[in-house]
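A.B. asks: Once you've looked at the hints, dock chain B against the given chain A.
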Amino acid sequence: MSAEKSAVSPMSPGSSQMNSGSRQMNPGSRQMNMIQAIHSAHDVMLGRDPSVVVLGQDVGYFGGVFRCTDGLQEKYGEHRVIDAPIAEGGIIGVAIGLGVNGLRPVAEIQFADYIYPGFDQVVSELARLRYRSAGEFFSPVTIRTPCGGGIRGGQTHSQSPEAIFTHISGVKTVMVSNPYDAKGLLISAIESDDPVVFFEPKRIYNGPFDGDPDKPAVSWAAHPKGQVPEGYYTVPLGKAEVVEQGSDLTIITYGTIVHVAQAAARRAGVSAEIIDVRTLMPLDVETLRESVCKTGRCLVAHEATRFCGYGAELVATVQKECFWHLEAPISRVTGWDTPYPHAFEWQYFPVQQRLIDGIKKVMETP
Amino acid sequence: MSQQPYLHIPRPTARPGDKPDFSYLKLSPAGEVDRPATDARAADIEHLALKLVRVLDDDHLAKGPWDPGLDTETLVKALRWMVLNRAYDERMQRMQRQGKVTFYIQSLGEEAVSIGAGLAFEDGDMLFPAYRNQGLYLMRGTGLVEMMCQCLSNSRDMCKGRQMPIFYQNSKKNLFTISGNLATQYPQAVGWAMGAAIKGERHIAASWVGDGSTAEADFHYALTFAAVYNAPVILNVTNNQWAISTFQGFAGGERRPFAARGLGLGIPGIRVDGNDLLAVYAVTRWAATRARAGDGPTLIELVTYRGGAHSTSDDPSRYRPKDEWKAFPLGDPVERLKQHLARLGHWSDEQHKALEEEMKALVAEAWKEAISYGSLTDPPFLDVSLMFEDVFAEMPDYLVAQRDKLLAMQRQQG
Chain A
0 MSAEKSAVSP MSPGSSQMNS GSRQMNPGSR QMNMIQAIHS AHDVMLGRDP SVVVLGQDVG
60 YFGGVFRCTD GLQEKYGEHR VIDAPIAEGG IIGVAIGLGV NGLRPVAEIQ FADYIYPGFD
120 QVVSELARLR YRSAGEFFSP VTIRTPCGGG IRGGQTHSQS PEAIFTHISG VKTVMVSNPY
180 DAKGLLISAI ESDDPVVFFE PKRIYNGPFD GDPDKPAVSW AAHPKGQVPE GYYTVPLGKA
240 EVVEQGSDLT IITYGTIVHV AQAAARRAGV SAEIIDVRTL MPLDVETLRE SVCKTGRCLV
300 AHEATRFCGY GAELVATVQK ECFWHLEAPI SRVTGWDTPY PHAFEWQYFP VQQRLIDGIK
360 KVMETP
Chain B
0 MSQQPYLHIP RPTARPGDKP DFSYLKLSPA GEVDRPATDA RAADIEHLAL KLVRVLDDDH
60 LAKGPWDPGL DTETLVKALR WMVLNRAYDE RMQRMQRQGK VTFYIQSLGE EAVSIGAGLA
120 FEDGDMLFPA YRNQGLYLMR GTGLVEMMCQ CLSNSRDMCK GRQMPIFYQN SKKNLFTISG
180 NLATQYPQAV GWAMGAAIKG ERHIAASWVG DGSTAEADFH YALTFAAVYN APVILNVTNN
240 QWAISTFQGF AGGERRPFAA RGLGLGIPGI RVDGNDLLAV YAVTRWAATR ARAGDGPTLI
300 ELVTYRGGAH STSDDPSRYR PKDEWKAFPL GDPVERLKQH LARLGHWSDE QHKALEEEMK
360 ALVAEAWKEA ISYGSLTDPP FLDVSLMFED VFAEMPDYLV AQRDKLLAMQ RQQG
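If you read the protein sequences in the order shown, they are chains A and B. Sequence positions in the first sequence follow numbering that gives the first Met the number 0 and run 0 to 365. Sequence positions in the second sequence follow numbering that gives the first Met the number 0 and run 0 to 413.
Mixed in with the good hints there might be a few duds.
Covered stretches of chain A, going by a simulated chain B footprint (3 or more residues, C-beta under 8 angstroms) [said to hold, decoys possible]:
id	segment
1	76 to 85
2	97 to 105
3	110 to 116
4	326 to 338
5	344 to 354
Worth flagging that the hints you see were computed from the coordinates, not collected in a lab. Here the structure is a predicted model, which means the values were calculated and not measured. Note that CB positions come from ideal geometry on N, CA and C, so glycine has one too.
The following block holds chain A by itself, in its conformation from the complex (with noise of 0.2 angstroms):
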C-alpha cells in the first residue's frame, strides 16, 4: 500500500514548480518558520523524488517532536517517512544501506546531543565509503539535527557540536540561520551525493533570536528571510552570505549568533560586514577573504566551545588569506569551555554584551 502511496507523480501537491535545477525565486512565497520551511523542503523532495526517504525516531506518525515532517507520514505513505527505534547508530548505518541501495535518505537526530551513539557510522562509514572504495561507492545521506542552547535544555538538549564533523574528511557540514536558507540549503543537502549533516539551531526555529533572553520573542514574520518561495529553490552548498555589508570589521559567524551579531554591532555602533558561513564545510574562503581584506578587522563568533572549536579554523583561514590586511589581531567570541549549564545558561550564551566586547576589542587595536 504504502509502496504505491509512495510513486508520487511530479505534479504532486508540495512541489507546485517542476523547472528542476532552477535557483529562481518562485512566485509563491509565503511566511514560514524555520520548522515550516524545513518541513517545505521534506514535502518538496519527497514530492518530487521518489527514492527520497526520511527516517527518525518520532518522525512518522507523531511528525517528529519539532513538528518537522508533520503529517508528511499520511501524505507519501509510511514507506516514505518511517518511524525509526530509539538508536541513533542504528538510524544512521540504516540510513547508509538505503542510500547505497540507491535511495536517498534524510535521516532526523532528534537532538545534537544525542548523535554520538551514531558518530562511528558517520566517521569510520558515511564519511569514507567514496574514498575506500574509489568511487565505487557511496550514500547521499543527509542527516539533520536540531542543536544549540537557549532553551533551557541543560547539557544533554544544547550542544552544538558542528566543529566534530568538520574535523571529518566527507562529510559535509551546515548550520543554518533562517528559514530561507534552511529551506535550500536542506534541499541542496538532499540532493547532494555527498553526505551533508545539516544542524539547524533549534532557539531560532520559532523566530530570529538577538541574544537578549528578556525580551519577548519575536517570529519569523517581519524578516525578510521568513518569506519563503512553496516550491523548489535550491541555496547552494558552499557559499556563505554577507547578511549585512559593513566598512569598520568583519564578523564572520553562523546559525544563532548571525542575529545576535547583527544586533550587537548595531548597538556597538560600528559598521561591521556580517558573514554567515552556512556551509561549514567545504567553507567559502573566498567570501571571508574578500571581506575581511577590505574591513582589515575580524571577529569570529559561535555558540560552541572555544577550543578546538570551528572558530579556530576559521581564525587561521582569515590569517592566512588576509595576513598583510589585518590591522588587528582576530579576536574570538564562543562559548565557554565547558558543558552547557542548566542554570547559568545567558551567562554561558555568547550574548549581545560578549560580542559587543569582542568588537571593540578589534577595533580599538591600532
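C.D. replies: Frame of chain A, contents of chain B only:
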C-alpha cells in the same frame, strides 16, 4: 502471506479516537508462573521470559509461589512511598506548568517499578536509575527538598545548576547520576558489578531502561558483558508501552518480550507485572539473591503503562487514545496495593484519603522550603563561577581565565 520481501511498519493497536486495545498483551493468571530456585540454570528457566509473573489476583489477594509474604508494615510502607511519589510528581508537574521549573518527567502509573524494586536491595548495592525512577531516590533517602532544589536549579541544587530538572544523584545512597542519554548507564552498571566481583564484595548493581531504549547499542553491550563475565547485576526494562510517540513495537516488542532479549546470551529473563508491587519486589529479590550468590545477571521486564506524557514537552493526545491508561489490563499500581491491603483488612478508604492528604501536605511544605532557596528567576541564585568548576578535578589555567573574564564582565555591567 506475502510472496516477496516487504517492509513491515509496526502499528499500535489504537490511535487517538480509537477504542484502546491491549489484546496484544500476553498475560498469565496471578500465581500461575513457577518460582525456580535462584541458582537454576538459565537454560532451564527460559519460559519465565515469556510468561508474566503476577502475585496479586483480580480479587486483590496474593497468590502463588512468587508471593513474597511481606508483612503489613512493609506493605504500608511501600504504599506510603508510592503515594508520596505520585504526590511529588503531581506537584512538580504543576510547578512546571506554572513556569517555576523548566521541565518535568512524571512516573504516573509506574510507581511500583521503582518502589517494588527499591525494597529488594541492600544499602551497599549500586543503582543506575533512568529518568522515570524518581521513586528510588525518594525511598533511598533523598529528601523532597533536595530533589525539588535540583529541579529548581537553585542555590541548594545538588547538581550546582548544571543539569535540567529530574537528573538527580545521591552518591551517599549509592544512586548514580541520571543521564539524559538513553541506555548509556546500562553497561556502566555492568562495569560497577564487575568491579564488585573483582574486589570480592557481595554488592550488586542494577540499572533501568525503557522499552524504547533497548534499541540502543549500549543495551546490547551491557547484556554481552554481563553474560561474558557473569556480572552480579540486575538489568531492568521498564516496558511502559510508549517511547514518546512510538509504541513498544518500534523497539521490537511485537515479536518477543523484552525479557527474552538475554536468552540468546544465556541470561535468564523474567517478565513481571510491573504494576504489582509484590511481584516486582519478589522478582527483584530473586534476581538479587541470584546475583549475590554468584549465579550471575538477570534481565527483568516490568510490564507497565506510561500514565502521563513522556515529559512536559510532549502531547500524547496526538498519538494515542486519551483514555488508554484506564483500559490498561494491569491497572494502577497504587490502587492495586491499596486494594490488597484493604482486602487483608489493614486499610480503608479513609486511611487512604488521609495518606494522600498527608503526602500532599508533606510535598507542599517541602516546596515552600525549596522555593525559599531560590529558582532560576528568583534569588538566591547559584554563584556563576560554579559553571567552570568540576570540568576537571582541578581547574586548568584556561578555564580560570575564562571564569575571570566572565566575572569581570559582570562586574562591569554591575
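A.B. asks: Now, for every hint given, state plainly whether the structure supports it.
C.D. replies: Each hint, compared with the structure:
1. 76 to 85: Answer holds; 7 residues pass the 8 angstroms Cβ test.
2. 97 to 105: n = 0 at 8 angstroms, threshold three: violated.
3. 110 to 116: Since three or more residues must qualify, the claim that chain B covers the segment 110 to 116 of chain A holds, with 4 doing so at under 8 angstroms.
4. 326 to 338: With 4 residues close enough to chain B, the hint holds.
5. 344 to 354: holds (count 4)
In this structure, only the earlier hint numbered 2 is contradicted, and the remaining ones agree with it.
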